[in-house]
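Undergrad: These are the residues of each chain, in order.
2 protein chains.
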Amino acid sequence: MPQANTNEGTSSLARRLLNGDRRALARAISLVEDDRPEGWDLVREVYPHTGRAAVFGFTGPPGVGKSTLIGALTKARRAAGRTVGVLSIDPSSPFTQGALLGDRIRLTEHFLDQGVFIRSMANRGALGGLSEAALQAALLLDAAGRQDIFIETVGVGQAEIDIIDHADTIVLVLMPGSGDSIQALKAGVMEIPDVIVINKAQHPLTDTMVREIRGVLSLANLDEASSGPARPRWRVPIVKTEAARGEGIDELVERLGEHRAHIAAEGTLQERRGRNLRNEVLAIASARMRRRLEEELREDAQFKRLLQEVIERRLDPASAASALLERSGG
Amino acid sequence: MPQANTNEGTSSLARRLLNGDRRALARAISLVEDDRPEGWDLVREVYPHTGRAAVFGFTGPPGVGKSTLIGALTKARRAAGRTVGVLSIDPSSPFTQGALLGDRIRLTEHFLDQGVFIRSMANRGALGGLSEAALQAALLLDAAGRQDIFIETVGVGQAEIDIIDHADTIVLVLMPGSGDSIQALKAGVMEIPDVIVINKAQHPLTDTMVREIRGVLSLANLDEASSGPARPRWRVPIVKTEAARGEGIDELVERLGEHRAHIAAEGTLQERRGRNLRNEVLAIASARMRRRLEEELREDAQFKRLLQEVIERRLDPASAASALLERSGG
Numbered sequence: 001m002p003q004a005n006t007n008e009g010t011s012s013l014a015r016r017l018l019n020g021d022r023r024a025l026a027r028a029i030s031l032v033e034d035d036r037p038e039g040w041d042l043v044r045e046v047y048p049h050t051g052r053a054a055v056f057g058f059t060g061p062p063g064v065g066k067s068t069l070i071g072a073l074t075k076a077r078r079a080a081g082r083t084v085g086v087l088s089i090d091p092s093s094p095f096t097q098g099a100l101l102g103d104r105i106r107l108t109e110h111f112l113d114q115g116v117f118i119r120s121m122a123n124r125g126a127l128g129g130l131s132e133a134a135l136q137a138a139l140l141l142d143a144a145g146r147q148d149i150f151i152e153t154v155g156v157g158q159a160e161i162d163i164i165d166h167a168d169t170i171v172l173v174l175m176p177g178s179g180d181s182i183q184a185l186k187a188g189v190m191e192i193p194d195v196i197v198i199n200k201a202q203h204p205l206t207d208t209m210v211r212e213i214r215g216v217l218s219l220a221n222l223d224e225a226s227s228g229p230a231r232p233r234w235r236v237p238i239v240k241t242e243a244a245r246g247e248g249i250d251e252l253v254e255r256l257g258e259h260r261a262h263i264a265a266e267g268t269l270q271e272r273r274g275r276n277l278r279n280e281v282l283a284i285a286s287a288r289m290r291r292r293l294e295e296e297l298r299e300d301a302q303f304k305r306l307l308q309e310v311i312e313r314r315l316d317p318a319s320a321a322s323a324l325l326e327r328s329g330g
Numbered sequence: 001m002p003q004a005n006t007n008e009g010t011s012s013l014a015r016r017l018l019n020g021d022r023r024a025l026a027r028a029i030s031l032v033e034d035d036r037p038e039g040w041d042l043v044r045e046v047y048p049h050t051g052r053a054a055v056f057g058f059t060g061p062p063g064v065g066k067s068t069l070i071g072a073l074t075k076a077r078r079a080a081g082r083t084v085g086v087l088s089i090d091p092s093s094p095f096t097q098g099a100l101l102g103d104r105i106r107l108t109e110h111f112l113d114q115g116v117f118i119r120s121m122a123n124r125g126a127l128g129g130l131s132e133a134a135l136q137a138a139l140l141l142d143a144a145g146r147q148d149i150f151i152e153t154v155g156v157g158q159a160e161i162d163i164i165d166h167a168d169t170i171v172l173v174l175m176p177g178s179g180d181s182i183q184a185l186k187a188g189v190m191e192i193p194d195v196i197v198i199n200k201a202q203h204p205l206t207d208t209m210v211r212e213i214r215g216v217l218s219l220a221n222l223d224e225a226s227s228g229p230a231r232p233r234w235r236v237p238i239v240k241t242e243a244a245r246g247e248g249i250d251e252l253v254e255r256l257g258e259h260r261a262h263i264a265a266e267g268t269l270q271e272r273r274g275r276n277l278r279n280e281v282l283a284i285a286s287a288r289m290r291r292r293l294e295e296e297l298r299e300d301a302q303f304k305r306l307l308q309e310v311i312e313r314r315l316d317p318a319s320a321a322s323a324l325l326e327r328s329g330g
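Protein chains in written order, with this note's numbering: chain Z, 1 to 330; chain W, 1 to 330.
Think of the hints as simulated: they come from the structure by calculation, not from any bench.
These numbers were taken from a predicted model, which means no experiment stands behind them.
A couple of the hints might just be wrong.
No distinction is drawn between identical chains; accordingly, a pair holds when it is met within one copy or between any pair of copies.
The calculated DSBU-like cross-link candidates involving lysine-lysine, where the alpha carbons are at most 35 Å apart (straight line), are [stated by the list, open to error]:
1. K240 to K75
2. K304 to K75
3. K304 to K240
4. K186 to K240
5. K186 to K75
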């Protein structure tokens with residue numbers, strides 16, 4: 001009975017995972033990443049044991065040193081006796097790609113530490129699918145007892161934000177020269193994060209940049225003050241770091257702790273998590289509907305005919321979409 | 001018979017639209033933007049008359065001067081006797097917001113010209129929904145006989161690229177200081193466009209930037225040469241402009257024309273359009289499925305119960321999503 005075997009396998013894997021077994025964790029994340037039913041079964045089984053980890057999301061353009069920063073934070077958290085899980089879904093990250101020599105030395109010291117689990121997930125084309133898998137992987141890290149989870153994503157757009165939106169604290173990492181990101185913040189195209197880090201801060205332009213960001217933040221605060229709720233307001237800190245030399249890391253650890261204390265105290269931690277879980281349920285449902293539709297259509301003769309009509313300008317795209325939806329019983 | 005009235009109304013609007021009537025065009029785009037059934041009827045009716053316009057997509061971070069550049073291009077194309085349609089879906093664009101005085105002067109000269117139709121579309125939260133409406137609006141401009149269509153989007157991420165992916169030619173606009181975008185190109189996070197413009201090029205760092213981009217492009221070319229098809233290769237030109245003074249615009253017009261001739265000659269124009277139309281049909285179908293699901297769930301007691309179970313860690317998000325999909329007959 002393969003069914004019984006699988007169930008037994010999942011349960012035993014779940015037990016090992018809940019005990020913090022690293023190999024079980026690695027296997028579990030692979031199951032989720034490969035979209036295997038056992039992976040989803042496993043998440044279902046261990047889900048009651050999640051919700052205890054502190055989840056930090058790091059985003060920012062490539063090249064600003066997010067991985068090095070997470071490496072330095074990992075070291076600091078380990079020194080404080082916390083277990084750490086790192087999940088990188090940045091295709092340009094040294095965690096994901098072959099690291100440069102310097103990075104490799106800094107990062108491998110963690111690979112040998114049992115208290116650190118580092119995992120990168122590849123960008124598999126559809127960002128929806130990846131984000132879905134990444135969030136399940138974060139739940140697995142949480143269930144395995146990782147106390148601090150660092151999620152690394154790339155980007156200055158909105159799509160990538162979807163992934164780290166599920167973090168309790170969102171950290172935007174920039175460096176001197178990140179003019180595009182500052183423009184995006186200024187224009188309201190990018191949302192204001194909880195903490196801003198300027199890495200590689202030993203640069204003559206850093207202080208100009210800090211002033212510019214403070215200007216953006218004070219405008220955003222004004223907006224909030226006029227329409228926002230009467231809560232004690234969180235003032236987004238700007239932390240200057242030189243992650244490669246460990247500078248500014250202690251201050252960053254402190255600010256991250258303050259943010260967590262702030263959202264826990266005023267109840268937004270629960271509120272955020274409730275909203276994020278709602279969005280996650282909807283995102284998973286939507287991604288599955290879309291995937292199912294695409295699979296249905298892959299070799300579908302009627303779809304090919306419809307599409308040919310669209311290409312020949314005899315049928316418009318929206319009508320073709322309606323025809324598809326009607327057929328699949330929508 | 002309201003049905004007959006609506007049809008008649010649509011037909012008369014369609015007739016005026018096909019004759020190039022600007023008020024009909026404005027009304028038609030509003031119908032599509034508001035997601036009104038008449039809007040979709042109208043697109044269906046005029047769709048056989050589309051596919052003649054040359055569609056150019058402009059993307060890049062806020063503040064690089066995309067609107068000014070499009071203004072200057074519009075002037076040049078009008079001087080060459082072409083009619084122009086501009087569609088801005090950049091929430092930070094002067095087309096969309098109140099423009100600064102200088103911009104307003106430059107842009108209003110076009111507002112008075114009957115051969116130019118400028119329209120901005122607001123970002124309505126869900127980028128999916130907006131992108132869907134924007135593409136329909138582009139079809140309407142095309143049907144109304146606009147010969148050149150310029151679509152403006154913001155972003156250095158992937159989400160925004162989806163919109164301009166439907167353009168025949170994709171132009172990335174940067175300026176000195178666009179370090180994040182160059183890093184994103186370098187890391188392969190952002191796709192290589194067809195044409196790169198460096199605006200505000202009278203800056204001491206412009207030439208360094210051009211060299212950096214050339215480096216990225218030559219690496220991308222190597223990748224392509226090793227695996228790509230044996231087609232005459234398009235060499236992405238880098239055009240330096242000072243759009244506010246009209247400098248570099250003639251060269252840009254020339255490069256845009258060359259790109260169009262290139263894709264027309266080698267057949268990729270038809271191939272691109274076929275692929276883009278396929279993606280559009282799927283995107284519209286997916287967006288509708290998601291919207292339908294969200295509407296169904298807005299006041300749904302069962303969904304609220306499921307969600308509460310997820311929040312209390314008794315039911316995992318993926319199982320909640322499955323329960324929803326099963327219920328809605330998926």
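Undergrad: Each hint: holds or not?
TA: Status of the hints after comparison with the structure:
1. Taking the closest pair of Cα atoms, K240 and K75 come within 35 Å of each other only inside a single copy of the chain (18 Å); across copies the shortest separation is 45 Å, beyond that limit.
2. Within a single copy, K304 and K75 get their C-alpha atoms no closer than 55 Å, and across copies no closer than 41 Å, so neither meets the 35 Å cut-off.
3. Neither within a single protomer nor between protomers do K304 and K240 lie at most 35 Å apart by alpha-carbon distance, with minima of 55 Å and 43 Å respectively.
4. Proximity of K186 and K240 under a CA criterion of 35 Å is satisfied in both settings, with 20 Å inside one chain copy and 25 Å between copies.
5. Taking the shortest Cα distances, K186 and K75 sit within 35 Å of each other both inside one copy (33 Å) and across copies (29 Å).
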